[in-house]
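Here is what each chain is made of, one letter per residue.
2 protein chains.
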Amino acid sequence: MAEETPPEATLAETEPSDLQVTSLYGLTPKVEAAILEAVEGGNKRRARMLVSPLHPADQADLLERVSADQCAVLVSLLGPALDPEAITHLDEEIMERVLDQLGTDAIARALPALDSDDVVHIAEELEPADLDEVLQAMPAQERVLVEQALAWPEDSAGRMMQREMVVVPPFWTVGQTIDFLRSGDSKANEFYMLIVTDPSGHPVGEVRLSSLLRSPRPRRISEIMETDIRSVPVAMDQEEVALLFRRYGMVSTSVVDQEGRLVGVITMDDVVDVIDEEAEEDLMALAGVADGSIRISVPEMLRGRASWLLVNLITAVLASLVIGLFEATIEKIVALAVLMPIVASMGGNAGTQTVTVAVRALAMREFSAKTVWSFAGKELTVGLLNGLFFAVLAGGLSWVWFRDLEVATILAVAMLVNLIVAALSGLLVPLGLQRVGVDPAVASSVLLTTITDVVGFFVFLGLAAVFLL
Amino acid sequence: MAEETPPEATLAETEPSDLQVTSLYGLTPKVEAAILEAVEGGNKRRARMLVSPLHPADQADLLERVSADQCAVLVSLLGPALDPEAITHLDEEIMERVLDQLGTDAIARALPALDSDDVVHIAEELEPADLDEVLQAMPAQERVLVEQALAWPEDSAGRMMQREMVVVPPFWTVGQTIDFLRSGDSKANEFYMLIVTDPSGHPVGEVRLSSLLRSPRPRRISEIMETDIRSVPVAMDQEEVALLFRRYGMVSTSVVDQEGRLVGVITMDDVVDVIDEEAEEDLMALAGVADGSIRISVPEMLRGRASWLLVNLITAVLASLVIGLFEATIEKIVALAVLMPIVASMGGNAGTQTVTVAVRALAMREFSAKTVWSFAGKELTVGLLNGLFFAVLAGGLSWVWFRDLEVATILAVAMLVNLIVAALSGLLVPLGLQRVGVDPAVASSVLLTTITDVVGFFVFLGLAAVFLL
Chain G
3 MAEETPPEAT LAETEPSDLQ VTSLYGLTPK VEAAILEAVE GGNKRRARML
53 VSPLHPADQA DLLERVSADQ CAVLVSLLGP ALDPEAITHL DEEIMERVLD
103 QLGTDAIARA LPALDSDDVV HIAEELEPAD LDEVLQAMPA QERVLVEQAL
153 AWPEDSAGRM MQREMVVVPP FWTVGQTIDF LRSGDSKANE FYMLIVTDPS
203 GHPVGEVRLS SLLRSPRPRR ISEIMETDIR SVPVAMDQEE VALLFRRYGM
253 VSTSVVDQEG RLVGVITMDD VVDVIDEEAE EDLMALAGVA DGSIRISVPE
303 MLRGRASWLL VNLITAVLAS LVIGLFEATI EKIVALAVLM PIVASMGGNA
353 GTQTVTVAVR ALAMREFSAK TVWSFAGKEL TVGLLNGLFF AVLAGGLSWV
403 WFRDLEVATI LAVAMLVNLI VAALSGLLVP LGLQRVGVDP AVASSVLLTT
453 ITDVVGFFVF LGLAAVFLL
Chain E
3 MAEETPPEAT LAETEPSDLQ VTSLYGLTPK VEAAILEAVE GGNKRRARML
53 VSPLHPADQA DLLERVSADQ CAVLVSLLGP ALDPEAITHL DEEIMERVLD
103 QLGTDAIARA LPALDSDDVV HIAEELEPAD LDEVLQAMPA QERVLVEQAL
153 AWPEDSAGRM MQREMVVVPP FWTVGQTIDF LRSGDSKANE FYMLIVTDPS
203 GHPVGEVRLS SLLRSPRPRR ISEIMETDIR SVPVAMDQEE VALLFRRYGM
253 VSTSVVDQEG RLVGVITMDD VVDVIDEEAE EDLMALAGVA DGSIRISVPE
303 MLRGRASWLL VNLITAVLAS LVIGLFEATI EKIVALAVLM PIVASMGGNA
353 GTQTVTVAVR ALAMREFSAK TVWSFAGKEL TVGLLNGLFF AVLAGGLSWV
403 WFRDLEVATI LAVAMLVNLI VAALSGLLVP LGLQRVGVDP AVASSVLLTT
453 ITDVVGFFVF LGLAAVFLL
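From first to last, the protein sequence lines stand for chains G and E. Residue numbers for the first sequence follow the numbering used here, so the first one is 3 and each next one is one higher. Residue numbers for the second sequence follow the numbering used here, so the first one is 3 and each next one is one higher.
Just so you know, not all the hints are guaranteed correct.
To be verified - To give an idea of the chain G side of the interface with chain E (calculated C-beta under 8 Å), a few residues: (1) L26; (2) V291; (3) V438.
As the list claims (entries may be wrong) - List time: in silico DSBU-like cross-link candidates among lysine-lysine, alpha-carbon distance up to 35 Å: (4) K46/G - K380/E; (5) K372/G - K380/E; (6) K46/G - K32/G; (7) K380/G - K46/E; (8) K32/E - K46/E.
Stated by the list, open to error - Okay, the calculated bits of chain E under chain G, using three or more residues with CB under 8 Å as the criterion: (9) 42-52; (10) 174-184; (11) 203-215; (12) 218-232; (13) 281-291; (14) 329-336; (15) 438-446.
If you are wondering where the hints come from, they were derived from the structure by calculation, not from laboratory data. Ideal placement from N, C-alpha and C gives every residue a C-beta, glycine not left out.
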């Protein structure tokens, strides 16, 4: 733990002014440069002295910031000076690399120092064969916990929870409870609440540590516990767990199995990771990116990006086919070719606005029967008003440019129609996808721009073909 | 507090099966329907009995889910049965409406029951005149705290922090500390750590409640406190605070003024709101939405959306001007008009992928001197490889369609160039904006699509003009 190795001891080797900055972030550019210098110079002792006082999160950040080669040198130089907890802070790609380098023996030795949720997090990243080796090398009791956790589906509460917790019966007194905690018999390192269970292991209440500390020794746990508790089923999806935590401002919650018996706890810090992960997933999905990390390899990146671009190519060709229907019209009035991207682009952008708001609202469970109708009404009104405004604007521009009133009128009408279609489909596409069980974040954008492109080109060129030829 | 009004008392009036579901979410469809029935029927007593056991977050959700009229009736029916904390959970727009209806007297009476950060959150939403009235009606001590907090910039740590906290000197013993907490002299309702300060009020350490509970009574606070603490300056931006919490898995932190003296604490639940807010802001900004709430009014919505569409119109006209340069070329080879949107659309999508990853990485501070170069290298490689792949694919398609080898070749070259430009500008645009102090999330998308549209049309039509005429 941090207090055992005061950072001053080491920082004295660098500039004293660093002390100011390092009070917030441990890994300042100066510290980083000093470490890299020691690594390049092969100064093992100095590298260790600089790295070991860093917070595990800073150690992880260091490994992520340097090149793959430097990372390998650092890991081998540091050896046991690398805090096992730092591994849990690593990005997936770097974690795999570091685990590979450490080897199964070192991993198995490091794991028992960690909370069970962190152990599971690392175990998830190991190859099946390596995982078996690591599990064999672990103490039997720890091994069972990890194996149990890995039996739960990925991204479930069972994978997020830790097994270390403080459980007390309701009939204990505050004094008894504090004495129990002082005796050191509880396995949890850090905890934010006590869980109160009945004799068969069902949670019946929770005690905040602040309540415990404020209550006199003779008072019974049953008198100070909160009974309005929310225990999460072990199979619940992590996104669902995060929504519960956010909604009720929870800091910690108990996890129960199918029979309602206590099996673990989930704390806020794990939930924050999930919130970040889910927000990033939605953001990337809307932009058509399979993996938003800046650290994945070129082949992974290529695969994730190209598949989406392929879908987009099909969409674009579809739009071109629509244009192709009107080749004869364009041949006669080239101004149409000049103006047509405006209609499609405005529709695509207006629709993306609606889609993004709708996808976020779906993710945050903000739609009720009432709010969805009121939102739809407002979107349509905005689509209509924006449509009228931009119809006049674009029509006017086109008239100034080409001095052709008919083309300007047709552009205006097409713009109005496309912005209304954009509002409508910007709402219906994500709602429809959600209804049929497809993640609206993933497929909404591409479906929407297909609609607005096709409608935009078709209405504009179609009207021109009918009225101008 | 929840434990004083056991939910069973009220839920007995609804179906017993509700008890299962309500163990996780208080506001089930059945409970909601029962409340609305009571409201419609004007059954004040029943409405209160159903609403008051709900968690404040559920009360807030109820007010958000119903129509504006029903919300007004609910608020007037409930009166004091509405938990003041529920107001803090409301969405901005609904909060303004409810505060308006409550009036300044009722607000002033409700506020002292809340933590100071929640009071500030409500005060921020009041009109200046109303705020003055509310402040006048509040106890002097509370008023000063609110006025001080409002003096800090919006979105700063000073606005997020609460003033209620537990502060102890380092020379106290564990026993003394627990006796102090039991005496009820501390003002904090709920707290996750003790803050240890020196005689002049500078934080020198923090004590986790779990450490306090595990230590014997005679041990000194100075022996069990962690000294490797991160105190946040009161003017720090909330986004910065959220990054610190995430990075170090913090649950609570002290806030200090310019002289480094303790002025408040920020807890994880406030930070989660900020994380959500910032993630939503980036998501919406990338899509060109000023306010992502589904509850803002039509005029607000219109203003937020139209300004972005106007920018997009200028962009689209710019692209059209480029096309206009080549009217003569298009007139001779109409196939160009049919194919040109494909080049622009593919460039826009590929660039959006890169922009989104870069914007997220910037927001999460993931770029270092090393990682930004390695990311740039990978993006360019992917742009080149995707460019080659889609050049062949699109060129082939065009040949099958128009049987014109020259047009197909030009399409292929334009596609390759545009996808490389997309990768390059997808990275340079957000980095450049960040460098000049503009939020990359807000302006990157529009700048990028301008570039890919202009380059796409210019290269494709320009090559055609040079080689085909």
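Hints, one by one, checked against the model:
For L26/G, the shortest C-beta to C-beta distance to chain E is roughly 5 Å, which falls under 8 Å, so the interface hint holds. Among the interface hints, the one on V291/G holds; its C-beta lies about 5 Å from the nearest C-beta in chain E, closer than the 8 Å criterion. Here the hint on V438/G is broken, as its CB sits about 22 Å from the closest CB of chain E, past 8 Å. For the proposed pair K46/G and K380/E, the alpha carbon gap of about 32 Å is at most 35 Å, so the pair holds.
Taking the CA atoms of K372/G and K380/E, the gap is near 47 Å; set against the 35 Å cutoff, the hint is violated. A distance of roughly 18 Å separates the Cα atoms of K46/G and K32/G; the hinted pair therefore holds under the 35 Å criterion. Taken as a hint, the K380/G and K46/E pair is honoured in the structure, with Cα atoms around 32 Å apart against an allowance of 35 Å. A hinted pair counts as satisfied when its Cα atoms are at most 35 Å apart, and K32/E with K46/E qualifies at roughly 18 Å.
Counting residues of the region 42-52 of chain E whose C-beta sits closer than 8 Å to any C-beta of chain G gives 0, which falls short of three, so the coverage hint is violated. Remark: the region 174-184 of chain E is confirmed as covered by chain G, as 3 of its residues place a Cβ nearer than 8 Å to a Cβ of that chain, reaching the required three. By the rule of at least three residues with a Cβ nearer than 8 Å to a Cβ of chain G, the coverage given for the region 203-215 of chain E holds, with 5 such residues. Proximity of the region 218-232 of chain E to chain G, defined as three or more residues with a beta carbon under 8 Å from a beta carbon of that chain, is established by the 6 residues found.
Counting residues of the region 281-291 of chain E whose beta carbon lies closer than 8 Å to any beta carbon of chain G gives 9, which meets the minimum of three for the stated coverage. With a threshold of 8 Å between beta carbons, the proposed coverage of the region 329-336 of chain E by chain G holds, since 4 of its residues qualify and at least three are required. Chain G is given as covering the region 438-446 of chain E, and this is violated because 0 residues of the stretch bring a CB closer than 8 Å to a CB of that chain, at least three being needed.
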